[in-house]
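Each protein sequence line maps, in turn, to chains A and B. Position 395 of the first sequence, counted from 1, bears residue number 395 in the numbering used here, the numbering being contiguous throughout. Position 12 of the second sequence, counted from 1, bears residue number 1012 in the numbering used here, the numbering being contiguous throughout.
Hints listed in this document are in silico derivations from the structure and should not be mistaken for laboratory results. One thing to keep in mind: the hints can contain errors.
Here are the computed distance ranges between Cβ atoms for each label pair [as the list claims (entries may be wrong)]:
no.	chain 1	residue 1	chain 2	residue 2	range
1	A	427	B	1089	42 to 52 Å
2	A	308	B	1008	25 to 35 Å
3	B	1013	A	343	34 to 44 Å
4	B	1073	A	301	51 to 61 Å
5	B	1013	A	490	53 to 63 Å
6	A	418	B	1027	24 to 34 Å
Note that this is a predicted model, so its numbers are computed, not measured. Glycine included, C-beta positions come from ideal geometry on N, C-alpha and C.
Now for the letters of each chain:
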Amino acid sequence: MSLGADLIRFTASETAAAISAGEVSAVEVAQAHLDRIAAVDGRVHAFLHVDTEGALEAAAAVDASRAAGERLSPLAGVPLALKDVLTQRGIPTTCGSRILEGWRPPYDSTVTARLKAAGVVILGKTNMDEFAMGSSTEHSAYGPTHNPWDLDRIPGGSGGGSAAALAAFEAPLAIGTDTGGSIRQPAAVTGTVGVKPTYGGVSRFGLVALASSLDQAGPCARTVLDTALLHATIAGHDPLDSTSADVPVPDVVAAALRADVRGMRIGVVKELSGEGYQAGVRQRFDESVAILTELGAEVVEVACPNFPYALAAYYLILPSEASSNLAKFDGVRFGLRVGEDDGSPSIEQVMGRTRAAGFGPEVIRRIMLGTYALSSGYYDAYYGQAQKVRTLIARDFAAAFEKVDVLISPTAPTTAFKLGEKLDDPVAMYLNDIATIPANLAGTPGMSLPVGLAPEDGLPVGLQIMAPAMADDRLYNVGAALEAALLRQWGHPILQEAPSL
Amino acid sequence: MSDTPSITRDDVASLARLARIDLAPDTLDHYAEQLAQILGAVAQVSEVAADDIPPMSHPLPLVNVFREDVVRPGLSNAEALSGAPSVESDRFRVPRILDEE
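So here's chain A without its partners, still in its complex pose (with noise of 0.2 Å):
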């Protein structure tokens, strides 16, 4: 195997170790990288935007910094694949949709900004379903992504881009976010590792919003530790974001390395199981549970009597927060104008132009949904009454936690489908998020790692982890030993079954 194919099936933290020693350098490694993405993405369509001038020069900057003798951040040299809902100054940001085709942001998001200072090396721009509105990536403005594992699956979504970027060894560091599962579903179903923080743990400052009561920035990679690495860059409070937490950032590292579930009591949501969920993903999630408690865990069933409500009650409050914050495109301060030709059209005709063309359909109908739940008479049986559901998911979880320190679930009901299949039926496409929506309502953190491959079909299993706001750590602590149990019976990383592409 040449050097290249080496370094790019290295770790995170293996990556970064190796360049602060002097073995390799971020620049061969950041070449070996975009050489891959050069190679593979043609199939896998992980990104929207390749930045290979920058990728060398902020590379080259880490090596120089080295030589310098200064002190390398953990993870300087790294490369990264940045979802396209987050701004990174003078890259186009399109957040998969055509509305912002072309777009150049003025500016940094927090996360980028904080991904610069710590010499992360930004690849470029991952797709996601428009507006991070999916499950899929199918509702690209730019054409789906390919899930690595099999190239006629979705990869999941939104945030398929980032996740089918690290399943496919083009970055072994992605960002991703999730309003309703768009990191942690896409993760479950390419066998890769995705943390929703909890809400306000990373800044939403350049992350173009969906639901602002629900949106969160988060951590993607192969590895739990990788992920914690990553946790630990973004995180903290931001003066730009006012709905950013201003406490401290659980220690994530220490929590992965520790990797201790001896004592823990571990809580199995008995809403989120049984039918409707995939034999094999039933199979390896009770696996799981065989291992926590054989690892030293006391793993009890937990009720979540309000959990079944939790998708209605998403798909009133998301749409009600999207159709106002997609008002600001109205084709006057970024992104498209159409429709100015005929005569001398009025701002209004030349926005609802506009509009019409550069949204996609999925888009159109959760605006629409949104505007008539928050219509003058249905706003209170529909917007009001998910806020009182919204309240008892809360008080679910907050009942919960006084019994067990984490809950677990699958993360998705099924395995990757294939491309196509729920394209043009939206209520089976929610459906993809129905364990993970709860974490999103209640502002509470998650977590989804690969527990195997479903016996019917060889596709990745993911199982998520749940834990009380600003208890991200424990996330961390189970999955690492999860991880570390299950890395012992397999003998190598679930990645290394996938067929190369």
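Based on these hints, arrange chain B on the given structure of chain A.
Using the frame of chain A, we list chain B on its own:
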């Protein structure tokens, strides 16, 4: 709940108008069918007895978050206008804002 309001073609046209989306007439029926399906699914929220439950708009109970009242760097005029589809005299240029009648 069984009394899910049905969504007609005219309802969709009216919602699209409110949302400033100039939908093609031949798409209205399909959107009406899909919105009715989605509303049928989300109407489940009304099955929950929640009259005395306070609504939750946000996971963090935050009020009046202010920053220090000091000048800090922001976007330059040119940066703020850099993404605009049309610019004139250092300002966003917009189509006419009044109706003709």
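**Message:** Can you tell me whether the CB distance of residue 1013(B) to residue 490(A) sits inside 53 to 63 Å?
**Reply:** holds (56 Å)
**Item:** Pairwise beta carbon distance, residue 418(A) to residue 1027(B), judged against the given window 24 to 34 Å
**Value:** holds (25 Å)
**Request:** Take a look at whether the Cβ-Cβ distance between residue 308(A) and residue 1008(B) falls inside 25 to 35 Å.
**Result:** Since the Cβ atoms of residue 308(A) and residue 1008(B) sit about 30 Å apart, the hinted range of 25 to 35 Å holds.
**Asked** Is 42 to 52 Å right for how far apart the beta carbons of residue 427(A) and residue 1089(B) are?
**Response** Since residue 427(A) and residue 1089(B) have Cβ atoms about 50 Å apart, the given range 42 to 52 Å holds.
**Message:** Tell me if the beta carbons of residue 1013(B) and residue 343(A) are separated by a distance inside 34 to 44 Å.
**Reply:** violated (23 Å)
**Message:** Within 51 to 61 Å: is that where the Cβ-Cβ distance between residue 1073(B) and residue 301(A) falls?
**Reply:** holds (54 Å)
Hint compliance for this structure: hint 3 alone is broken.
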